[in-house]
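J.: Chain by chain, the residues run as shown.
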Amino acid sequence: MTETRDDTPNRAVQINNEDTLGQSGRSVNTANDTGNPGGNPLRELKSIVLSLDWEITDEVMGGFFQEIQRLKDRYSNEKILVSFLHLLDSIGKYIKINKSKAHPHAGKLLNSTYMSLEKVIRSQHLTSLERKRMLAREVKRYRRLKEQIAFRKTATVREKTVEGVGKTRPVIEQQGAAPPIEEGSRAPGKTHERFQGPVDTIETFAGVLEELKQCIHEEFRALREELKEWRKT
Amino acid sequence: MAFVNLKKKEVQAKIVYYGPGRGGKTTNLEYIYNKFNNRIKTEMVTIKTHGDRTLFFDFLPFDVGKIRGYDVKIQLYTVPGQVKYDATRRLVLRGVDGIVFVADSMAVRREKNILSLRNLQKNLATFRKSIFRIPIVLQYNKKDLSEQGIPLLSLQILEKDLNSQLKAPSFEASALLGSNVVETMKKIISMTMSSLLKELK
Amino acid sequence: MLGRKALDEIEAVLQQDLFDVGVDCIFLIDMAGNVIANLDNGEIKHDIYSLAALAAGNFAAVSTMARIVGEDEFSLLFHKGEKESIHFSKVLSDFLLITIFGKGISLGFLRLKVADATEKIKRILEPFCAP
Numbered sequence: 037m038t039e040t041r042d043d044t045p046n047r048a049v050q051i052n053n054e055d056t057l058g059q060s061g062r063s064v065n066t067a068n069d070t071g072n073p074g075g076n077p078l079r080e081l082k083s084i085v086l087s088l089d090w091e092i093t094d095e096v097m098g099g100f101f102q103e104i105q106r107l108k109d110r111y112s113n114e115k116i117l118v119s120f121l122h123l124l125d126s127i128g129k130y131i132k133i134n135k136s137k138a139h140p141h142a143g144k145l146l147n148s149t150y151m152s153l154e155k156v157i158r159s160q161h162l163t164s165l166e167r168k169r170m171l172a173r174e175v176k177r178y179r180r181l182k183e184q185i186a187f188r189k190t191a192t193v194r195e196k197t198v199e200g201v202g203k204t205r206p207v208i209e210q211q212g213a214a215p216p217i218e219e220g221s222r223a224p225g226k227t228h229e230r231f232q233g234p235v236d237t238i239e240t241f242a243g244v245l246e247e248l249k250q251c252i253h254e255e256f257r258a259l260r261e262e263l264k265e266w267r268k269t
Numbered sequence: 077m078a079f080v081n082l083k084k085k086e087v088q089a090k091i092v093y094y095g096p097g098r099g100g101k102t103t104n105l106e107y108i109y110n111k112f113n114n115r116i117k118t119e120m121v122t123i124k125t126h127g128d129r130t131l132f133f134d135f136l137p138f139d140v141g142k143i144r145g146y147d148v149k150i151q152l153y154t155v156p157g158q159v160k161y162d163a164t165r166r167l168v169l170r171g172v173d174g175i176v177f178v179a180d181s182m183a184v185r186r187e188k189n190i191l192s193l194r195n196l197q198k199n200l201a202t203f204r205k206s207i208f209r210i211p212i213v214l215q216y217n218k219k220d221l222s223e224q225g226i227p228l229l230s231l232q233i234l235e236k237d238l239n240s241q242l243k244a245p246s247f248e249a250s251a252l253l254g255s256n257v258v259e260t261m262k263k264i265i266s267m268t269m270s271s272l273l274k275e276l277k
Numbered sequence: 012m013l014g015r016k017a018l019d020e021i022e023a024v025l026q027q028d029l030f031d032v033g034v035d036c037i038f039l040i041d042m043a044g045n046v047i048a049n050l051d052n053g054e055i056k057h058d059i060y061s062l063a064a065l066a067a068g069n070f071a072a073v074s075t076m077a078r079i080v081g082e083d084e085f086s087l088l089f090h091k092g093e094k095e096s097i098h099f100s101k102v103l104s105d106f107l108l109i110t111i112f113g114k115g116i117s118l119g120f121l122r123l124k125v126a127d128a129t130e131k132i133k134r135i136l137e138p139f140c141a142p
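Residue numbers (the working numbering), protein chains in the order written: chain E, 37 to 269; chain U, 77 to 277; chain W, 12 to 142.
Check each hint, because a few of them may be wrong.
When the alpha-carbon atoms are kept at most 35 angstroms apart in a straight line, the in silico DSBU-like pairs for lysine-lysine are as follows [to be verified]:
1. E/Lys-115 x E/Lys-176
2. U/Lys-84 x W/Lys-131
3. W/Lys-91 x U/Lys-117
4. W/Lys-101 x W/Lys-131
5. W/Lys-133 x W/Lys-101
6. W/Lys-91 x U/Lys-160
7. W/Lys-94 x E/Lys-132
8. U/Lys-262 x U/Lys-236
9. W/Lys-91 x E/Lys-189
10. U/Lys-84 x W/Lys-101
11. U/Lys-117 x U/Lys-219
In case anyone wonders, no lab produced these hints; they're calculated from the structure.
Bound-form chain E, shown alone (with noise of 0.2 angstroms):
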């Protein structure tokens, strides 16, 4: 059967469960459903999206996924919905285990997929198709942005095997900028397959970050060194 564009939306956000942005699917305890008095339904999490531009702390994360469990139980029947729910969520516990090394671009992520999530609950006007695409978009700046993270701590581990073979100089410099991506282009199979890798990745990859740093320190340190000799000679 041919592709149709009715169809192509589909494929694109199909989100697996496991999906996340470089964290394990470690659980956060989220309460019961409190429950909506009425009225817009996405007002405690907007203005939780809207405190996290202000100030990003474990109380407001744990406020946070609160109410996403609340509205998945709330719309558990709208599968659209529910996969909006699940992006936010999975950047929400990026940013909330990463914190200040998450990727800046993570919070504008987390406010565009909102604000989408926000403008498909609210617009009666809107077809099943235009969601979708909606949803698509959303799926695909997540993608993008998993990439660069993946390509961030990619850096990292590469650096790491020069070094093994004796090289001391920072790769990373060479890397230049991440490897342009297209529209509706697939990731790199291997970037994919190391995100949904062990949970330990994650902490593996951070700490080999850290030891990159430590690296370019030292190569600076030495090489100040080298030209204060050179002055004095």
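Chain E is fixed; fit chains U and W onto it per the hints.
T.: Chains U and W alone, transformed into the frame defined by chain E:
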């Protein structure tokens, strides 16, 4: 407290023009800003009320040039002189290295001069600084008003009221006309730098 | 007096923790308004010395207000602009870290980065501060 940047080979020192309201502190800075326009690359910062009274402070960074291989950057500040802005004056005094006390020579301002000097002493004490140990120059401003027949305090009276204990260098001046404005500034800069060099040793 | 090594270390922290995540301009000042260290993206030409004087005055004024209303200090001093915003963070009792950043970075994320950078700078500055 002056900051010496060993990496950039730069010294930053803070000089505050203090004194009663409408005494001529801002006018001093404005004169300096206009006179050295070609050397001062930045705008003078002024935070004023609608009535042109200093509300927070005026600020003028002044590059003196190199002294012993170090670029010396003097930061000239004024404080608001009105009595009600005491808290603000205290904030601006923080980290001060040298002071120019701008007294108002008008006879009707005699008491205000004395109160302002006492206020300076008190505010310096909150930072554990002594008015007797910090570089200070007195400027007896508005000498030009004598030509308009306005009663002015004599030099003897001003010295007795304000300088009998301090024994600081003093200048009769007219900030409006520029008389002794630059001399006052040069004096306080050199005193401040000497004091700083002593501390560094 | 801060030596070259300490200044280099501070600049390294500012570079890696803040500048490299997209902050446009960063400066570390003392409470007198002196500039200790600064970094910028080369495109903006802010008058750092005036900014430093104003920042110190601003922070001091707000701190005084905090005490008047019964607070030790406010946990956030931040000015939001159309394109650029400014964040202030106290480092020990004598220094301020000021960051100027655009829309590409959220305040929440910036505050996390600033907290990290502040801790590192504290460790560098502590030996030089009066007990």
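J.: Hint numbers the structure violates, sorted upward?
T.: none
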